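Respectively, the protein sequence lines represent chains D and R.
Count the first sequence with the numbering used here and you get residues 1 to 410, in order.
Count the second sequence with the numbering used here and you get residues 1 to 410, in order.
One thing to keep in mind: the hints can contain errors.
It does not matter which identical chain is meant; a pair holds if it fits inside one copy or across any two.
[Claimed, not checked] Below, simulated BS3-like cross-link-like pairs (lysine-lysine); rule was C-alpha separation at most 25 Å, straight line:
1. Lys11 with Lys331
2. Lys90 with Lys11
3. Lys89 with Lys376
4. Lys290 with Lys329
5. Lys331 with Lys360
6. Lys335 with Lys360
7. Lys11 with Lys233
8. Lys134 with Lys376
9. Lys11 with Lys134
10. Lys34 with Lys89
11. Lys90 with Lys360
12. Lys331 with Lys89
The hints are simulated quantities; they were obtained by calculation from the structure and are not laboratory data.
As the structure is a computational prediction, the values presented were derived from the model and not from experiment.
There are 2 protein chains.
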Amino acid sequence: MNVFFNVQPPKQALAEILGRLERDLSVETILTNKALDRVTAHDICSPQPLPTFRRSTMDGYAVRAVDTYGASSSLPAYLSLVGEVPMGKKAKVEIESGQAVIIHTGGHLPDSADAVVQIENTQLINEQEVEIFKAVAVGENVIQIGEDIANGDVILPAGHWLRPQDIGGLLSLGIVDVSVAARPRVGIISSGDEVRSPEIAIGPGEVRDINSYTLAAQTIRAGGEPVNYGIVKDDLNILQSVANEAVQETDILVLSAGSSVSARDITATVIGDLGEPGILFHGVAVRPGKPTIGAIVNGKPVFGLPGNPVSAMNLFDLLVIPTIQRLLKCKNPPKRSVVRARVTRNVAGVPGREDHIAGKLVQRDGETWVEPIFGKSNLIFTLVNSDGTLTIPLDSGGLTIGESVEVRLF
Amino acid sequence: MNVFFNVQPPKQALAEILGRLERDLSVETILTNKALDRVTAHDICSPQPLPTFRRSTMDGYAVRAVDTYGASSSLPAYLSLVGEVPMGKKAKVEIESGQAVIIHTGGHLPDSADAVVQIENTQLINEQEVEIFKAVAVGENVIQIGEDIANGDVILPAGHWLRPQDIGGLLSLGIVDVSVAARPRVGIISSGDEVRSPEIAIGPGEVRDINSYTLAAQTIRAGGEPVNYGIVKDDLNILQSVANEAVQETDILVLSAGSSVSARDITATVIGDLGEPGILFHGVAVRPGKPTIGAIVNGKPVFGLPGNPVSAMNLFDLLVIPTIQRLLKCKNPPKRSVVRARVTRNVAGVPGREDHIAGKLVQRDGETWVEPIFGKSNLIFTLVNSDGTLTIPLDSGGLTIGESVEVRLF
Chain D
1 MNVFFNVQPP KQALAEILGR LERDLSVETI LTNKALDRVT AHDICSPQPL PTFRRSTMDG
61 YAVRAVDTYG ASSSLPAYLS LVGEVPMGKK AKVEIESGQA VIIHTGGHLP DSADAVVQIE
121 NTQLINEQEV EIFKAVAVGE NVIQIGEDIA NGDVILPAGH WLRPQDIGGL LSLGIVDVSV
181 AARPRVGIIS SGDEVRSPEI AIGPGEVRDI NSYTLAAQTI RAGGEPVNYG IVKDDLNILQ
241 SVANEAVQET DILVLSAGSS VSARDITATV IGDLGEPGIL FHGVAVRPGK PTIGAIVNGK
301 PVFGLPGNPV SAMNLFDLLV IPTIQRLLKC KNPPKRSVVR ARVTRNVAGV PGREDHIAGK
361 LVQRDGETWV EPIFGKSNLI FTLVNSDGTL TIPLDSGGLT IGESVEVRLF
Chain R
1 MNVFFNVQPP KQALAEILGR LERDLSVETI LTNKALDRVT AHDICSPQPL PTFRRSTMDG
61 YAVRAVDTYG ASSSLPAYLS LVGEVPMGKK AKVEIESGQA VIIHTGGHLP DSADAVVQIE
121 NTQLINEQEV EIFKAVAVGE NVIQIGEDIA NGDVILPAGH WLRPQDIGGL LSLGIVDVSV
181 AARPRVGIIS SGDEVRSPEI AIGPGEVRDI NSYTLAAQTI RAGGEPVNYG IVKDDLNILQ
241 SVANEAVQET DILVLSAGSS VSARDITATV IGDLGEPGIL FHGVAVRPGK PTIGAIVNGK
301 PVFGLPGNPV SAMNLFDLLV IPTIQRLLKC KNPPKRSVVR ARVTRNVAGV PGREDHIAGK
361 LVQRDGETWV EPIFGKSNLI FTLVNSDGTL TIPLDSGGLT IGESVEVRLF
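Same shape as in the complex, but just chain D (with noise of 0.2 Å):
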């Protein structure tokens, strides 16, 4: 057995362990079409320039700006109308000096033109003749070839969180297929004597299964693949198996213990004993969630969480979240959203501990609020009923009732 308890701040528990990780997530191609929120596994270059030919920004008439050189309202230029760029097709009408075509936004400029008149500066006089009241520049309301995109150029960056303009984007250079990082599989084993599972009734002593079904909709959120391993009785033998199973075939095992002290200690010996270096803390210096264990086995990353949901899921967040998105090599994660609240009452912190507590979001006079919701069990309904988390720093003496603070909503 390899345990040593060692507590850590949470930012150090973390470092520890991405220190450590070993193995590469495998990659995938995958239709485009169905990348949304996966993660790219490589430097995407662009396939072709965009556009692809001279475009009009505008609706108007394709023109030589020669033509148009001095053109005002009470001095207008007139052009001859030789015909017109029908949409979606090449341009197959050419203009010589003194000549202008019909082109709306997006149209193909012919060759022999150099600049388009906005629809608002021209005045049509009949189907063969229209007046010009503005001068145009050479290259005016045109995109020319590659102006957006040149051929070649990075349009997104390896490890990049797939939004839905990404999607567009790829497309739009007819990139149909994408390589991604496969997502990563995180193991959940839910032990205790005590926990049943939700389906069965229950009896005197027993409390239902919370934590395999918490803990895979935080994987699914943060793009990783649950894989559930049941719950597990306070057995060293029998957790040892189903641990080491779980090791060997996925990229993260978390264990959450049941609720007794003999059964912290068997997760604890389970965890140090599935392989080397094994446990680098036990302990981190937080509330909810202190008797965290975290290990790497063989480059793989390894967390023992308690087996209270509240302290479970905050640790989760805390530590395993970070670790799915290294694994993907993500750089622009979803980030959980923000808002600042005043602290609707006092609450006291705790020299070198960072507390992480619930909180509701409640208007007051205009002003948003946030009430600390405290259970005497930590039981799932504080997170229930909470809009959010707030923080208090490890250095921090606490919240002062009136205090702003900075609310990370679920």
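Starting from the known structure of chain D, fit chain R onto it as the hints suggest.
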């Protein structure tokens, strides 16, 4: 044809739509553990008290409080140990005056006990006797039946967007399935003679379809289900036929027009002819995205968005997403993160118009700045290269370099 030009400020345009929605989504009953990011259809009440039994909140000894009165480290109370409550079981051992039983966090309090002494305030003398150094009051370190949740309590209201902890809370009460609003079906039609499917090679004058995919991705993020009707030519009859079918089959219909004037006219005509009451506004006082149409057809919302992908995404965000959330009757929809940043340059405003400008966050001297990204053509890459949007309100003269603004992150 029922088209009149009626430009509305964005808030009023949205209110016009929301005020006339007449159709309810259907209700589906699904497994709770698959209900992440769905929205409850009804109030959900607890079918049981929580906890269902008197639970210990500490590791220690279950006692009669009266036996500990006056106990201190200088004058301990001595109690006889008569057994242990195993985790996950009903307490079978009862105590008499002067007796105690070992109990663990979460354990079932024997009927004859009324408090728990924390293990830290005790010392085991031998296997039969324990010293108590601190008195406990009746009920101390015990959660009573129903103390967290009473039987019949509303635990989640109708219209609640389900977060990880909500899934856990429901399952903790044995609620293994849940009634949720069906995902609103959002029909998406992309039109324009120049628009081609991303899979095929394009020629001069042609562009690849973006809006079908960006708007679908925005729909998914907002909790809706996209239904793609493909790319339709700028032909009144064909567009009319596809739109008529789509408005029957979906809860919200979104058309994005081609970029030419005639394409926009066709879209307006088609929307105007879909049914009563028809078009509510034609034009929104916003940039980009002014030429937007909002209509109600037999109680269903229909939007005609500009073909430009940046404009289409902007108006989808301003009008369609809130409509999806209103159909879901969602009271706590996820919000885009907001950060404050200083703007790197002056940006002019236009009185009477709300401007939405894409921006990239940059760090300078430890401060967050936002660099507005302007593109000649409002190409999708304006958004790809940005982290969020900043807004110049209707009544503002613009932004001054160094001014602190809110940036809504994507």
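Hint check results:
1. Lys11 with Lys331: Within one copy, since 18 Å is at most 25 Å while 34 Å is not.
2. Lys90 with Lys11: Classified as neither: same-chain Cα gap 59 Å, cross-chain 41 Å, threshold 25 Å.
3. Lys89 with Lys376: between (71 Å within a copy, 22 Å between copies)
4. Lys290 with Lys329: neither (28 Å within a copy, 39 Å between copies)
5. Lys331 with Lys360: For Lys331 and Lys360, only the inter-copy Cα distance (14 Å) is at most 25 Å; the intra-copy one is 30 Å.
6. Lys335 with Lys360: both (19 Å within a copy, 16 Å between copies)
7. Lys11 with Lys233: Close neither inside one copy (32 Å) nor across copies (56 Å); limit 25 Å.
8. Lys134 with Lys376: between (76 Å within a copy, 20 Å between copies)
9. Lys11 with Lys134: neither (63 Å within a copy, 36 Å between copies)
10. Lys34 with Lys89: neither (30 Å within a copy, 48 Å between copies)
11. Lys90 with Lys360: This pair counts as neither: shortest intra-copy Cα distance 60 Å, inter-copy 35 Å.
12. Lys331 with Lys89: neither (40 Å within a copy, 48 Å between copies)
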